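Colleague: Work out the full structure, taking the sequences as your base and the hints as a guide.
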Amino acid sequence: MASAPENEKNASAPEKKTLTLKSMINNEEFVVDEHVALQSVTIKNMVDSDCAGDVIPVPTISGEILALVIEYCKNHANPSASEDDLKKADAGIVAKDIYTLIDLVLAANFLDIKGLLEVTSQKIADSIKDLPHQDVREIFGVENDYTPEEEAAVRAEHDWAFEGFP
Amino acid sequence: MSIPSRIQMIEDSDESEQTHEAEQEEREPGQDRGIISDYSIPIHIVLEILLRLPLKTLLNCRLVCKEWLSLISDPQFANFHLSRSQVVRSFRRVFKNRETGKRIFEDTVEAEICALGEGLWRRIERVPTSIRNLSFNAFLNGSIHWLSFGNGRPEYGSPFRDFIYCFDFGTERFQTVPGPSEFSSVQKILSNHMHVGVLRGCLSICDQFEGDHAAIWVMKDYGVKESWSRDFVILKRTVASEPLIDYYEPIRILGNGKILILLNGEELLLYDPEMECYEDVHFCGITSKFHGISYVPSLVSLENVAKGENLKSLSRGIDLLEQATLLQRLFSGI
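Protein sequence lines, in the order shown, are assigned to chains A and B.
Each residue of the first sequence is one higher than the one before, starting from 1 at the first, in the UniProt record's numbering.
Each residue of the second sequence is one higher than the one before, starting from 1 at the first, in the UniProt record's numbering.
FYI, nobody ran anything at the bench for these hints, they're computed from the structure.
These figures come from a predicted structure and were not determined experimentally.
Treat the hints with care, since some could be wrong.
Calculated pairs, BS3-like style, for lysine-lysine (alpha carbon to alpha carbon, straight line, at most 27 Å) [said to hold, decoys possible]:
| id | chain 1 | residue 1 | chain 2 | residue 2 |
| --- | --- | --- | --- | --- |
| 1 | A | Lys96 | A | Lys22 |
| 2 | A | Lys44 | A | Lys22 |
| 3 | B | Lys236 | A | Lys129 |
| 4 | A | Lys129 | B | Lys66 |
| 5 | A | Lys129 | A | Lys87 |
| 6 | A | Lys129 | B | Lys56 |
| 7 | A | Lys114 | A | Lys129 |
| 8 | A | Lys129 | B | Lys258 |
| 9 | A | Lys96 | B | Lys258 |
Some residues of chain A that are not near chain B, with every Cβ distance over 10 Å (derived) [to be verified]:
| id | residue |
| --- | --- |
| 10 | Asp33 |
| 11 | Pro79 |
| 12 | Leu86 |
| 13 | Lys87 |
| 14 | Ala89 |
| 15 | Gly92 |
| 16 | Ile93 |
| 17 | Ala125 |
| 18 | Phe140 |
Beta carbons: idealized from backbone N, C-alpha and C, even for Gly.
Modeller: Here it is in structure tokens:
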């Protein structure tokens with residue numbers, strides 16, 4: 001294959017091809033089998049439209065997060081992995097602190113990997129479900145734009161629901 | 001989710017990188033929070049996460065900011081949220097004789113199931129037992145529970161052994177759940193006048209036939225007979241001259257240890273186990289009898305979901321008739 005670059009361009013034998021993903025945050029590079037990387041719709045679109053160079057720069061995603069994303073893609077590119085195996089592997093990938101999860105969900109969104117987006121969103125939901133709204137605010141980096149009176153009015157609408165929430 | 005604009009950003013990566021670094025210097029506090037990305041969380045990701053939250057958390061999340069409030073208050077959001085959470089199903093009993101098609105009593109009761117919004121009732125199987133005393137909160141483990149003793153069909157176990165029945169909405173099957181082994185047959189017979197409920201995530205039964213006390217039994221491990229324990233003993237408010245008249249239905253144990261109790265389905269009381277006394281809980285707007293069963297929390301108005309479905313309340317006549325018969329049997333010494 002290597003001796004026939006014209007054929008390679010036609011992308012008829014993707015299993016041998018690799019792509020290099022480079023985190024633009026800390027310049028870490030990852031060499032990934034193309035079929036693994038193509039689970040990212042964003043990367044697939046780039047490859048399909050022939051605008052992917054040898055190295056694909058990935059802005060805004062750190063090497064640490066990119067490694068998690070690639071681990072997810074590798075697991076899901078393995079045709080012999082059972083549904084149970086994948087579930088366990090997914091659970092391992094998202095067993096992270098909330099801020100790592102936020103970075104991971106942003107990466108999944110950026111790279112357009114639906115499965116990873118879903119599993120990470122679920123984990124974030126599970127992690128924040130018992131938190132007071134002040135903590136949720138901080139985690140999501142949201143500015144409080146309520147006046148104390150407005151906040152009290154919103155709270156009063158469903159007072160019964162707030163038992164257990166500070 | 002297609003995000004073509006992102007591709008553009010990757011292609012222009014040199015520029016993005018510069019912008020990124022510039023922003024990073026300005027926003028050091030963001031780094032402290034651990035957020036590496038300078039992009040705020042896009043609203044569709046927030047939506048992805050919110051849709052996966054239980055209703056209580058959602059109501060709490062309305063306090064985060066005004067944008068979240070309007071997102072969560074959007075009727076469209078309520079619909080999405082419902083479709084993400086479990087399917088709402090209800091089942092009903094159909095009283096009819098298979099051959100003649102005429103409505104008759106319990107022995108050939110069939111069950112039908114309907115997923116809310118589908119508008120169609122599907123026949124499932126025959127109801128193994130009479131269903132009465134459906135409690136306020138007897139939904140656990142995907143099943144709704146009720147007590148019925150001596151009325152079970154043989155294939156669901158000996159009628160004199162099991163008295164807790166359930167309907168599993170997932171498998172659409174009727175089953176039995178083992179009761180406390182300490183229950184005597186008298187207690188089992190009396191269970192027809194008790195209620196099964198859920199306390200602290202466990203199945204519970206309140207045995208109110210202990211003179212001036214009522215005992216709350218709790219099943220610590222769902223389905224494990226040995227895990228039943230007599231967790232609370234409460235002093236009755238008054239000792240009724242007729243012991244089968246008062247029934248105590250513990251609804252919830254509050255954080256301070258007090259127990260919220262529905263008395264005779266019409267009075268809501270708060271019991272303080274330390275002081276052994278009752279406080280009245282005043283509910284605004286409810287004047288009639290309480291009668292409710294558990295629900296799936298949802299932001300969707302039932303009125304909207306059940307549009308076009310022929311909804312009407314069912315008469316309790318038959319249940320009352322059966323109870324009366326059983327009372328007669330009890331008092332005539334059977």
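Colleague: Which hint numbers does the structure go against, in order from smallest to largest?
Modeller: 3, 9, 17 and 18
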